[in-house]
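Here the protein sequences come in this chain order: A and B.
Letter by letter, the first sequence follows residues 1 to 312 of our numbering.
Letter by letter, the second sequence follows residues 1 to 312 of our numbering.
For the record, the hints were derived by calculation from the structure and aren't laboratory data.
Note that the structure is a prediction, hence the values are computed from the model and not measured.
Treat the hints with caution; some may be incorrect.
As the list claims (entries may be wrong) - Now the in silico label distances, taken between C-beta atoms and shown as ranges:
id	chain 1	residue 1	chain 2	residue 2	range
1	B	Leu155	A	Pro116	51 to 57 angstroms
2	B	Ile191	A	Val153	43 to 49 angstroms
3	A	Gly199	B	Arg207	26 to 32 angstroms
4	A	Ala202	B	Tyr115	45 to 51 angstroms
5	B	Pro120	A	Ile160	50 to 56 angstroms
What the hints assert, rightly or not - Computed list of chain A residues with no C-beta within reach of chain B, every gap over 12 angstroms:
id	residue
6	Ile13
7	Gly14
8	Leu129
9	Ala152
10	Tyr187
11	Pro190
12	Glu195
13	Ala196
14	Pro214
15	Ser229
16	Arg230
17	Leu249
18	Phe250
19	Leu299
Each residue gets a CB set at the ideal place from its N, CA and C atoms; glycine is no exception.
Okay, here's what each chain looks like letter by letter:
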Amino acid sequence: MAVSTGPGPRLTIGELRGNPARRRREAILRIAFASAAMLSIAISIGIVASLVGQAASFVFQVDPGALLERGWFPRRELFGIPTIVTGTFLVAGIGMLVATPLGLGAAIYLSEYASPRLRRTIKPILEILAGIPSVVLGYFALSFISPTLVDAVCPGQTNIFNMAAAGIAVGILITPLIASVAEDALYAVPSSMREASYGLGARKRTTSLRIVFPAAVSGIVAALILGMSRGIGETMVVAMAAGASGGSLFQINPCMPGQTMTAAMTALATGSDQVRGLAFPSLFFVGFLLFVMTLTLNLVADAFVRRVRTRY
Amino acid sequence: MAARPRTQALSTADIVRQTLQGRRLDIGTIVFEGLLVLALAVTIGVLVTLLVEVFSDGVPVLAARGTDFLTTGLSSSPDRTGVAQGIMGSLLLMVFVIVLSFPIGVGAAVYLEEYARDTPVTRLVNTAIRNLAGVPAIVYGLLGVAIFVGALGGLTGGRTIISGGLTLAVLVLPIVIITTAEALRAVPMTIREAAFGVGATRWETVRSHVLPYAAPGIFTGTILSLARAFGETAPLIVVGAIAGTFRYSADNVVEQLRGPYTALPTIIYGFSRDPDAGFRADTAAAIIVLLVVLLAVNALAIVLRNRFERRW
Numbered sequence: 001m002a003v004s005t006g007p008g009p010r011l012t013i014g015e016l017r018g019n020p021a022r023r024r025r026e027a028i029l030r031i032a033f034a035s036a037a038m039l040s041i042a043i044s045i046g047i048v049a050s051l052v053g054q055a056a057s058f059v060f061q062v063d064p065g066a067l068l069e070r071g072w073f074p075r076r077e078l079f080g081i082p083t084i085v086t087g088t089f090l091v092a093g094i095g096m097l098v099a100t101p102l103g104l105g106a107a108i109y110l111s112e113y114a115s116p117r118l119r120r121t122i123k124p125i126l127e128i129l130a131g132i133p134s135v136v137l138g139y140f141a142l143s144f145i146s147p148t149l150v151d152a153v154c155p156g157q158t159n160i161f162n163m164a165a166a167g168i169a170v171g172i173l174i175t176p177l178i179a180s181v182a183e184d185a186l187y188a189v190p191s192s193m194r195e196a197s198y199g200l201g202a203r204k205r206t207t208s209l210r211i212v213f214p215a216a217v218s219g220i221v222a223a224l225i226l227g228m229s230r231g232i233g234e235t236m237v238v239a240m241a242a243g244a245s246g247g248s249l250f251q252i253n254p255c256m257p258g259q260t261m262t263a264a265m266t267a268l269a270t271g272s273d274q275v276r277g278l279a280f281p282s283l284f285f286v287g288f289l290l291f292v293m294t295l296t297l298n299l300v301a302d303a304f305v306r307r308v309r310t311r312y
Numbered sequence: 001m002a003a004r005p006r007t008q009a010l011s012t013a014d015i016v017r018q019t020l021q022g023r024r025l026d027i028g029t030i031v032f033e034g035l036l037v038l039a040l041a042v043t044i045g046v047l048v049t050l051l052v053e054v055f056s057d058g059v060p061v062l063a064a065r066g067t068d069f070l071t072t073g074l075s076s077s078p079d080r081t082g083v084a085q086g087i088m089g090s091l092l093l094m095v096f097v098i099v100l101s102f103p104i105g106v107g108a109a110v111y112l113e114e115y116a117r118d119t120p121v122t123r124l125v126n127t128a129i130r131n132l133a134g135v136p137a138i139v140y141g142l143l144g145v146a147i148f149v150g151a152l153g154g155l156t157g158g159r160t161i162i163s164g165g166l167t168l169a170v171l172v173l174p175i176v177i178i179t180t181a182e183a184l185r186a187v188p189m190t191i192r193e194a195a196f197g198v199g200a201t202r203w204e205t206v207r208s209h210v211l212p213y214a215a216p217g218i219f220t221g222t223i224l225s226l227a228r229a230f231g232e233t234a235p236l237i238v239v240g241a242i243a244g245t246f247r248y249s250a251d252n253v254v255e256q257l258r259g260p261y262t263a264l265p266t267i268i269y270g271f272s273r274d275p276d277a278g279f280r281a282d283t284a285a286a287i288i289v290l291l292v293v294l295l296a297v298n299a300l301a302i303v304l305r306n307r308f309e310r311r312w
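Let the sequences and hints guide you as you build the complete structure.
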């Protein structure tokens with residue numbers, strides 16, 4: 001074999017680096033993409049900064065006693081935080097009561113029982129339901145859920161605006177979310193586990209409930225936490241259907257109108273030109289509370305989801 | 001073993017066969033599968049009820065008014081009001097979302113998936129984006145009030161459609177990044193390695209190899225996030241979209257950018273709060289307009305996905 005060692009054309013270091021114009025374009029694009037990604041950090045900081053500043057000025061100025069009043073009347077400087085937090089959890093809790101059986105039932109059916117064809121038909125339907133804006137569900141709560149369903153359950157109930165109707169509508173809103181996250185978790189369980197169960201003679205029901213469900217339980221818990229977080233942050237349904245637009249007394253009866261954190265914020269914002277004094281910064285204080293609550297829930301859900309991913 | 005008496009109906013083989021093939025009536029299974037089907041049926045039933053309710057309330061208005069409902073401005077009389085300002089406002093808001101969120105979102109996703117190494121900074125950006133996607137929409141409204149209406153009020157003119165558009169753009173940005181990143185991740189590594197192998201730079205690889213294959217997924221994701229922005233109400237109310245009646249602003253687009261504005265979902269909220277019972281049917285009619293737009297957009301996304309989806 002002859003290896004040519006003669007003085008042929010040699011590559012220089014400069015040629016190996018490539019065309020300078022090409023390299024410059026490469027560097028510029030890398031910086032452009034990187035700054036687009038960094039923008040998300042800037043937005044996160046922006047959210048926290050815009051909330052914390054006003055929220056802090058509210059906390060320093062407000063009379064601490066006004067925060068524990070049994071009622072939420074920001075225009076009279078009565079900021080009963082327990083009132084709106086209770087309302088929020090009441091509405092989100094009713095939502096979870098509706099969405100948990102529906103969402104998990106649909107998820108188990110789609111993952112374990114449905115034929116591939118049925119899955120392909122039903123998943124888009126759930127996606128359509130997930131895509132319906134919350135204003136539409138607010139209208140549905142007022143025009144259908146409250147007069148028919150809630151009226152039948154709550155004896156002598158006369159107010160069309162009530163927390164039960166809002167809660168049921170919130171439940172409808174979060175059902176597709178719970179169904180889709182839970183279904184992903186169930187579907188990710190390796191089929192070898194199902195086959196081992198069948199091999200021991202277990203029924204399909206036993207396999208679903210005792211093998212697949214426990215194996216996917218992290219993802220299912222994550223689905224429920226995400227649903228709760230979504231329910232707490234849901235705004236339009238409660239603003240339209242829960243009643244109590246301006247202010248509300250402490251209320252734990254779901255058949256009655258009540259105030260949630262998000263509805264209180266909408267009410268403050270719709271009249272924000274007239275809002276004077278502490279009412280405007282109180283909007284940011286409530287927003288900050290809401291942000292912290294949903295962030296905590298989302299982080300916990302994230303940790304659960306990651307547990308599923310590492311296992312399989 | 002002694003021979004079995006001939007009178008016994010079942011031989012051992014029969015018993016084994018029956019145990020293996022037998023379908024004993026199992027009440028538990030019937031109840032369980034029944035409940036699963038019920039959960040799915042209720043979920044789909046709710047969607048059907050919702051659509052029937054909205055259409056039966058709203059179609060008479062659209063039938064009686066025809067295109068007049070779409071082309072007239074807001075009015076305090078339920079028989080004369082229309083959603084023209086809302087359609088105009090929503091379309092302008094979508095321009096902001098398309099022009100800002102899509103390029104920035106796709107750019108950020110390209111950086112995170114194609115350029116970034118696994119550093120603490122990258123992980124921080126990823127965490128920030130995931131959590132931003134879970135922040136309740138109304139909190140983005142507060143961000144808009146503090147930053148776009150307040151701090152940058154000189155540029156945006158305060159409570160104008162510019163502030164609203166920027167707020168919605170920020171709201172959907174994390175969703176665009178997440179869906180785009182998923183589409184990029186689905187492109188197999190071998191495609192990139194082939195490009196690098198023939199000497200392409202990273203950008204050349206992304207532009208001519210990765211993006212074309214990821215395009216259907218990116219389009220589907222961005223279209224769905226556009227639909228999300230189109231139906232979003234709460235943040236717009238907080239940053240000052242008007243839920244009541246105002247004068248039809250001038251035909252001049254520059255004037256519209258500076259003046260009062262509204263959007264289709266905000267009009268729905270405004271109609272639903274009107275004490276005049278005549279507005280109930282108008283609410284449903286406006287919802288039909290909104291749903292038709294959203295269903296068209298969603299159908300487009302699903303068609304795109306089914307047409308271009310490929311398996312590797």
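Quick rundown of the hints versus the structure:
Between Leu155 of chain B and Pro116 of chain A the beta carbon distance is about 53 angstroms. The supplied range of 51 to 57 angstroms therefore holds. Checking the proposed 43 to 49 angstroms range against Ile191 of chain B and Val153 of chain A shows it is violated: the Cβ atoms sit about 57 angstroms from each other. For Gly199 of chain A paired with Arg207 of chain B, a C-beta distance near 51 angstroms fails the hint of 26 to 32 angstroms. For Ala202 of chain A paired with Tyr115 of chain B, a C-beta distance near 49 angstroms keeps the hint of 45 to 51 angstroms intact.
Separation of Pro120 of chain B from Ile160 of chain A is about 53 angstroms and conforms to the stated range, judged on CB atoms against 50 to 56 angstroms. Against the 12 angstroms criterion, Ile13 of chain A stays outside the reach of chain B, whose nearest CB is about 17 angstroms from its own CB. The claim that Gly14 of chain A is not at the interface with chain B holds, since no C-beta of that chain comes within 12 angstroms of its own (minimum 16 angstroms). For Leu129 of chain A, the shortest C-beta to C-beta distance to chain B comes to about 5 angstroms, within the 12 angstroms cut-off, and the non-interface label is violated.
The Cβ of Ala152 of chain A sits about 15 angstroms from the closest Cβ of chain B, beyond the 12 angstroms cut-off, so the non-interface label holds. Chain B leaves Tyr187 of chain A outside its interface by the beta-carbon criterion, the shortest separation being 15 angstroms against a cut-off of 12 angstroms. No Cβ of chain B comes within 12 angstroms of the Cβ of Pro190 of chain A; the nearest lies about 20 angstroms off, and the non-interface call holds. Annotated as non-interface, Glu195 of chain A keeps its C-beta farther than 12 angstroms from every C-beta of chain B; the closest such distance is 17 angstroms.
The Cβ of Ala196 of chain A sits about 18 angstroms from the closest Cβ of chain B, beyond the 12 angstroms cut-off, so the non-interface label holds. With a cut of 12 angstroms on Cβ distances, Pro214 of chain A stays outside the contact zone with chain B, its closest approach being about 16 angstroms. Listed as a non-interface residue, Ser229 of chain A fails to keep its Cβ farther than 12 angstroms from every Cβ of chain B; the least gap is roughly 6 angstroms. The beta carbon of Arg230 of chain A sits about 8 angstroms from the closest Cβ of chain B, which is not more than 12 angstroms, so the claim that it is off the interface is violated.
No beta-carbon of chain B comes within 12 angstroms of the beta-carbon of Leu249 of chain A; the shortest separation is about 21 angstroms. Look at Phe250 of chain A: its CB is around 22 angstroms from the nearest CB on chain B, clear of 12 angstroms, so calling it non-interface holds up. A cut-off of 12 angstroms between C-beta atoms contradicts the statement that Leu299 of chain A is not in contact with chain B; the least separation is 7 angstroms.
When held up to the earlier numbered hints, the structure conflicts with 2, 3, 8, 15, 16, 19 and fits the remainder.
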